[in-house]
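Q: Sequence:
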Amino acid sequence: MQLTGAEIVLRCLEEEGVEYVFGYPGGSVLNIYDEFSKQEKVKHVLVRHEQGAVHAADGYSRSSHKVGVALVTSGPGVTNAVTGIATAYMDSIPMVVLTGQVPTHAIGQDAFQECDTVGITRPCVKHNFLVKDVKDLATTIKKAFYLAATGRPGPVLVDIPKDVTQAKTAYSYPKTVSLRSYNPVTKGHAGQIKKAVSLLLEARRPMIYAGGGVILNNAAPQLTRLVRLLGFPCTTTLMGLGGFPATDPQFTGMPGMHGTFESNMAMQHCDVLIAVGARFDDRVIGNPAHFFRADRKIIHIDIDPSSISKRVRVDVPIVGYVGDVLDEMLKLIESSAQRPDPAALKAWWAEIKEWQRKDCLRYDRKSALIKPQYVIEKLYELTQGDAFVTSDVGQHQMWAAQYYKFDQPRRWINSGGLGTRCRSSTRARRSPA
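According to my numbering, the sequence shown is numbered sequentially starting from 9.
Heads up, some of the hints might be wrong.
Claimed, not checked - DSS-like cross-link-like pairs, simulated, lysine-lysine; straight-line CA separation at most 25 Å:
{"no.": "1", "residue 1": "Lys195", "residue 2": "Lys46"}
{"no.": "2", "residue 1": "Lys202", "residue 2": "Lys49"}
{"no.": "3", "residue 1": "Lys195", "residue 2": "Lys339"}
{"no.": "4", "residue 1": "Lys176", "residue 2": "Lys51"}
{"no.": "5", "residue 1": "Lys318", "residue 2": "Lys305"}
{"no.": "6", "residue 1": "Lys51", "residue 2": "Lys151"}
{"no.": "7", "residue 1": "Lys339", "residue 2": "Lys305"}
{"no.": "8", "residue 1": "Lys203", "residue 2": "Lys51"}
{"no.": "9", "residue 1": "Lys202", "residue 2": "Lys318"}
{"no.": "10", "residue 1": "Lys176", "residue 2": "Lys195"}
{"no.": "11", "residue 1": "Lys151", "residue 2": "Lys183"}
{"no.": "12", "residue 1": "Lys202", "residue 2": "Lys339"}
{"no.": "13", "residue 1": "Lys150", "residue 2": "Lys183"}
{"no.": "14", "residue 1": "Lys51", "residue 2": "Lys202"}
{"no.": "15", "residue 1": "Lys318", "residue 2": "Lys339"}
{"no.": "16", "residue 1": "Lys379", "residue 2": "Lys305"}
{"no.": "17", "residue 1": "Lys49", "residue 2": "Lys143"}
{"no.": "18", "residue 1": "Lys51", "residue 2": "Lys195"}
{"no.": "19", "residue 1": "Lys176", "residue 2": "Lys143"}
{"no.": "20", "residue 1": "Lys202", "residue 2": "Lys183"}
{"no.": "21", "residue 1": "Lys49", "residue 2": "Lys195"}
{"no.": "22", "residue 1": "Lys176", "residue 2": "Lys140"}
{"no.": "23", "residue 1": "Lys339", "residue 2": "Lys203"}
Since the hints were derived computationally from the structure, they do not count as laboratory data.
Between the sequences and the hints, there should be enough to build the whole structure, so can you do that?
A: Here is the structure:
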């Protein structure tokens with residue numbers, strides 16, 4: 009069956025189960041836009057700016073655990089989209105960005121609305137492609153979705169010249185793809201997992217530090233089981249909120265510069281720290297030299313080997329999907345007769361309770377003025393915690409993170425690593441049951 013490149017794009021999106029494409033039209037992508045009206049499976053959501061298209065696809069992915077898709081035109085359409093792409097890249101959000109490009113014969117000729125899309129976006133994407141032959145289009149889109157969703161997730165860009173969308177070829181969508189240079193380690197090393205479990209069971213002052221990797225890998229159930237099984241305190245980063253219920257008494261609040269006194273003290277004074285899908289960033293531990301001075305053993309679970317021992321040297325590195333590694337750890341703990349020393353754990357919790365007595369998030373509740381903290385607390389009460397919460401970046405973001413109790417994953421949608429402002433209109437959509 010002969011199809012145009014534009015028809016192939018829509019067919020590929022259908023094959024990947026894409027429901028929504030967020031975009032803004034332009035000359036280089038008009039052929040693709042013409043195809044939206046000829047089918048009903050993939051819906052287009054029109055935005056008012058290309059940056060908004062990418063932020064919307066980002067928010068859709070964060071809230072639904074699906075790959076977000078954005079469509080923008082060439083030149084200024086691409087440059088407008090870069091901030092959104094970089095935002096998704098910093099927070100490891102799976103996304104496919106389809107961009108228009110001038111015809112292949114005009115590339116490099118300073119054509120109208122031409123830019124070096126591949127070069128411009130290389131630092132802020134997981135990978136990018138320039139498709140010069142319509143015969144490669146379907147396979148390239150398949151690779152893009154595969155790369156975006158596997159290993160450490162991230163945005164992948166496919167640059168499609170206008171003449172490629174007009175050209176015809178026989179259509180066939182591959183069921184699978186393999187890339188010789190891409191083979192992420194997804195299963196944790198059994199020996200390292202055993203070492204980690206041994207350290208946890210022998211710990212006298214343990215601390216569980218969880219980050220956005222728990223959310224991205226849908227590992228909140230496994231993390232919750234681990235925390236409750238061991239009886240350990242747990243802190244989650246800004247990006248990890250909802251990974252462990254904020255209303256649970258074992259939750260100590262966020263760590264870092266906007267975190268609680270008790271979480272920071274526990275991370276500094278614990279004897280065993282397990283980092284689960286977190287990266288020890290500057291907002292959490294500050295100067296690594298100061299953080300590392302404490303005498304503790306550190307276990308680090310992460311899908312990205314380059315994130316392990318990047319800022320803090322760890323004792324037990326484990327590369328793999330967070331959920332799978334936690335499953336293996338739970339099996340070992342549940343099959344073991346050993347449990348953490350209850351007396352030591354009781355004494356450790358007593359110390360944490362003393363730190364909690366500082367009540368570092370208190371504010372003047374008797375003020376005649378309506379405090380922002382009070383507003384957030386009331387929003388939590390009125391919604392009973394059952395809401396998607398989006399935020400721009402700044403103090404209001406921190407108030408929302410501190411005073412809205414997230415008991416479920418994928419309900420807190422904000423920019424973490426890049427700290428992008430003016431994106432709070434990002435669409436949040438409940439994933440279908």
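Q: So, against the hints stated earlier in the document, which numbers end up violated here?
A: Per hint list: 1, 2, 8, 10, 14, 15, 16, 18, 20, 21 violated.
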